[in-house]
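Chains A and B are the protein sequences, given in the same order. Numbering (numbering that gives the first Met the number 0) for the first sequence: 0 to 222. Numbering (numbering that gives the first Met the number 0) for the second sequence: 0 to 415.
It should be emphasised that the hints constitute simulated quantities derived from the structure, not laboratory data. Treat each hint with caution, since some may be false.
Claimed, not checked - Chain B is faced by these chain A residues, among others (derived, beta-carbon under 10 Å): (1) L75; (2) D81; (3) V101; (4) D141.
Unchecked claim - BS3-like cross-link-like pairs, simulated, lysine-lysine; straight-line CA separation at most 25 Å: (5) K9(A) <-> K254(B); (6) K9(A) <-> K62(A); (7) K13(A) <-> K62(A); (8) K13(A) <-> K106(A); (9) K154(A) <-> K57(A); (10) K106(A) <-> K9(A); (11) K211(A) <-> K201(A); (12) K157(A) <-> K60(A); (13) K49(A) <-> K9(A); (14) K228(B) <-> K177(B); (15) K178(B) <-> K42(B); (16) K154(A) <-> K387(B); (17) K387(B) <-> K79(A); (18) K228(B) <-> K13(A); (19) K228(B) <-> K9(A).
Note that CB positions come from ideal geometry on N, CA and C, so glycine has one too.
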Amino acid sequence: MRTIFSMFAKSPFKPLVSHIDMVQECVNQIIPLFEFLQARNYQEVEEISKHIEKTEHKADKIKDNIRSHLPQSIFLPVDKRDFMRLLSAQDDIADAVEDLAVLLRIKNLEIPETLNEPLMDLAYHVVGVANEACRMIRELEDLLEASFGGDEAEKVEKMAQNLGTAEWEADKKQFLLAQQLFSLDDQLNAADLLLMNEVVKKLGGVADESEKIGKTLRMFLAR
Amino acid sequence: MDLSTFLLIFAIAACIYMACNIGANDVANAMGTSVGSGALTFKQAILIAAVAEFAGAFLVGGHVSNTIRKGMLDPTIFADIPFHLVYGMIAALVASAIWLHWASALGWPVSTTHSIIGAVIGFGMIAGGVDAINWSKVGEVVMSWVVSPVMGGVFAFFIFRFITRQILNQHNPLLHAKKLLPFIVLAVFVILANSMFYKGLKHLHLDLSFVTAMAYAMVIGAVGFVISKVLVRRVEDVPTEDIHQQLVSTENIFKYLQPITAFYIAFAHGSNDVANAVGPLAAVVSILENGTVQMKVEMPAWILAMGGGCIVFGLLIWGRRVMMTIGHKITEITPSRGFSAEVGAATVVLICSKMGLPISTTHTLVGSVIGVGMARGLPTLNLNIIYKIFISWISTVPFTAILSAVLFKVMLLFLG
């Protein structure tokens with residue numbers, strides 16, 4: 000009687016999408032974070048930073064839940080290791096955003112005028128990359144339906160390619176920003192320079208982690 | 000009341016009890032995916048299952064019933080004391096029904112087929128020792144228990160692969176689904192009709208040759224083809240670029256197939272499992288009327304009809320409760336997957352019914368679902384079930400065998 004139905008365990012793919020929603024929530028805070036930073040509103044920077052930490056924690060709980068519901072006896076239509084890698088990649092994005100938020104709380108940074116525009120430009124671009132990665136995860140439902148093939152798989156493949164290109168663009172912008180940062184000479188003291196550099200690296204890092212989503216999701220299509 | 004009448008009534012009661020248990024036990028197999036995916040309401044599913052189970056039992060149930068009635072035991076052992084065979088068959092029915100009732104209450108995936116076979120072997124060995132059992136037949140049957148889930152898996156795997164390649168992964172899957180649907184309907188109708196017409200209509204005094212039966216089946220299939228072609232035109236087209244909507248609409252097309260596959264699997268179930276209740280009863284009736292188990296005579300129609308009717312009764316009584324406990328846990332199995340699993344399983348079960356092999360519909364369906372999972376059709380599959388089924392194999396046959404043997408001894412004691 001209950002035989003057939005005990006075979007359908009809870010699908011881990013739905014929680015995976017719930018997880019990416021939390022990640023998306025973190026990513027959505029990046030622009031406001033930098034806008035308030037540039038406006039020197041350190042109170043708000045603190046608030047948003049705390050919000051990011053809380054959201055990242057919620058995401059971790061979902062992640063742990065997924066991991067605890069994948070015993071040996073569960074069979075997935077994809078390699079379980081690839082699935083775990085995807086979950087980790089999603090987690091890494093949230094972690095990167097959290098690290099970014101933590102960096103901005105170390106000191107009340109005063110960003111030099113000349114860096115404002117390129118910094119926001121990089122931020123917008125990085126957020127774009129991260130959003131594209133989240134959109135890819137939301138395709139999972141259709142990918143499952145199409146058995147990871149056909150037009151849907153092609154659509155996801157193209158998304159992965161676009162993601163790679165966008166990340167490369169982000170890398171270039173990050174490099175230009177770094178060049179501008181290090182040519183500031185005496186405008187910035189040593190501590191601020193170090194911290195700014197870390198912030199730029201971490202911001203670029205969010206895009207790097209996002210690209211991994213594309214690479215890992217591609218492995219599902221490989222078979 | 001003389002002993003014969005008492006035994007007859009006892010046997011009929013035991014058969015009814017067993018048949019109701021069969022209906023209750025396996026109702027979810029027939030209706031589960033159709034109701035869970037929203038393709039049918041509970042009432043519609045019950046109605047289809049009721050008609051199909053009865054049809055399957057009455058038209059195709061005779062072959063397996065014969066195996067249980069006379070294929071398992073060596074009749075010469077009981078030639079001197081035919082009444083012992085009556086006691087034994089009654090004991091077997093009661094023992095199996097008790098096991099089914101109890102194990103299902105505990106939620107174990109037990110097989111009605113394994114229960115009765117174990118019980119028959121049980122009393123047989125007590126009555127006539129090891130030689131009383133037709134071990135080659137038993138061996139054949141046990142082999143089929145292993146082969147049927149595997150074949151169910153293989154069939155379902157290839158059916159789903161076919162659906163994936165020819166429909167889901169094509170450009171504009173909806174168009175392909177609309178094109179192929181009539182052919183799918185044709186195939187299922189032909190298989191069903193053929194199984195009904197070929198050797199199935201003996202009780203209606205119509206014995207058709209294979210060719211004639213096939214011809215009629217083709218006609219039925221053609222009718223289904225035309226009707227579905229007309230109905231499919233009503234489905235709205237979706238632009239090729241909107242792959243999401245395409246996939247949703249394609250699944251909806253498979254939803255329309257659910258009533259047919261629900262009928263198919265309920266039919267197959269009836270054809271194979273009715274024997275578990277009526278096989279023993281038919282043996283009892285045969286002895287009480289003639290003094291021996293008639294080897295040449297076919298199953299009496301009234302017994303098949305009664306068995307089919309009781310299965311339906313069990314279905315009706317238990318169906319609602321089962322559906323409430325299962326609810327919508329089965330949303331993971333979309334119509335195209337449900338179709339593949341059900342058609343794969345039903346085909347294997349029907350073939351075995353035609354061959355007179357008593358197999359477990361439940362386990363075959365499990366094999367089919369796993370087959371679909373292997374074809375990457377399901378988001379998750381809990382393979383724990385294989386372990387549970389293995390345990391149920393090991394526990395069912397010994398338990399019913401022992402219980403049946405005990406009941407048999409008790410009857411010998413009280414009735415002589």
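Can the restraint linking K211(A) and K201(A) be considered satisfied, given a maximum Cα separation of 25 Å?
-> This hinted pair holds, its Cα atoms lying about 15 Å apart.
When the least beta-carbon distance from V101(A) to chain B is tested against 10 Å, hint result = Check failed: Cβ of V101(A) comes no nearer than 36 Å to chain B, outside 10 Å.
Given hint K9(A) paired with K49(A) - CA-CA distance at most 25 Å | Violated, because 32 Å separates the two Cα atoms, which is more than 25 Å.
For the pair supplied as a hint, K228(B) and K177(B), is the alpha-carbon distance within the 25 Å limit?
-> holds, 8 Å
Starting from K228(B), check that the Cα of K13(A) is at most 25 Å away, please.
-> Measuring from Cα to Cα gives roughly 36 Å; hence the hint is violated.
Compare the distance between the alpha carbons of K228(B) and K9(A) with 25 Å, and conclude whether the hinted pair is satisfied.
-> violated, 37 Å
With a cut-off of 10 Å on the beta carbons, see whether D141(A) makes it to chain B.
-> holds, 5 Å
Hinted pair K9(A) and K254(B), Cα distance within 25 Å | Cα-Cα ~23 Å, so holds.
Hint check: is the beta carbon of L75(A) less than 10 Å from a beta carbon of chain B?
-> At 6 Å from the nearest chain B Cβ, L75(A) passes the 10 Å test, so the hint holds.
CA of K387(B) to CA of K79(A), is that 25 Å or under?
-> holds, 23 Å
Decide if the proposed pair is consistent with the structure: K13(A) and K106(A), CA atoms, cutoff 25 Å inclusive.
-> Roughly 39 Å separates the two Cα atoms, so the pair is violated.
Within a Cα-Cα threshold of 25 Å, do K9(A) and K62(A) meet the stated pairing?
-> holds, 14 Å
In the structure shown, a violation is registered for the earlier hints numbered 2, 3, 8, 9, 10, 12, 13, 15, 16, 18, 19, in ascending order.
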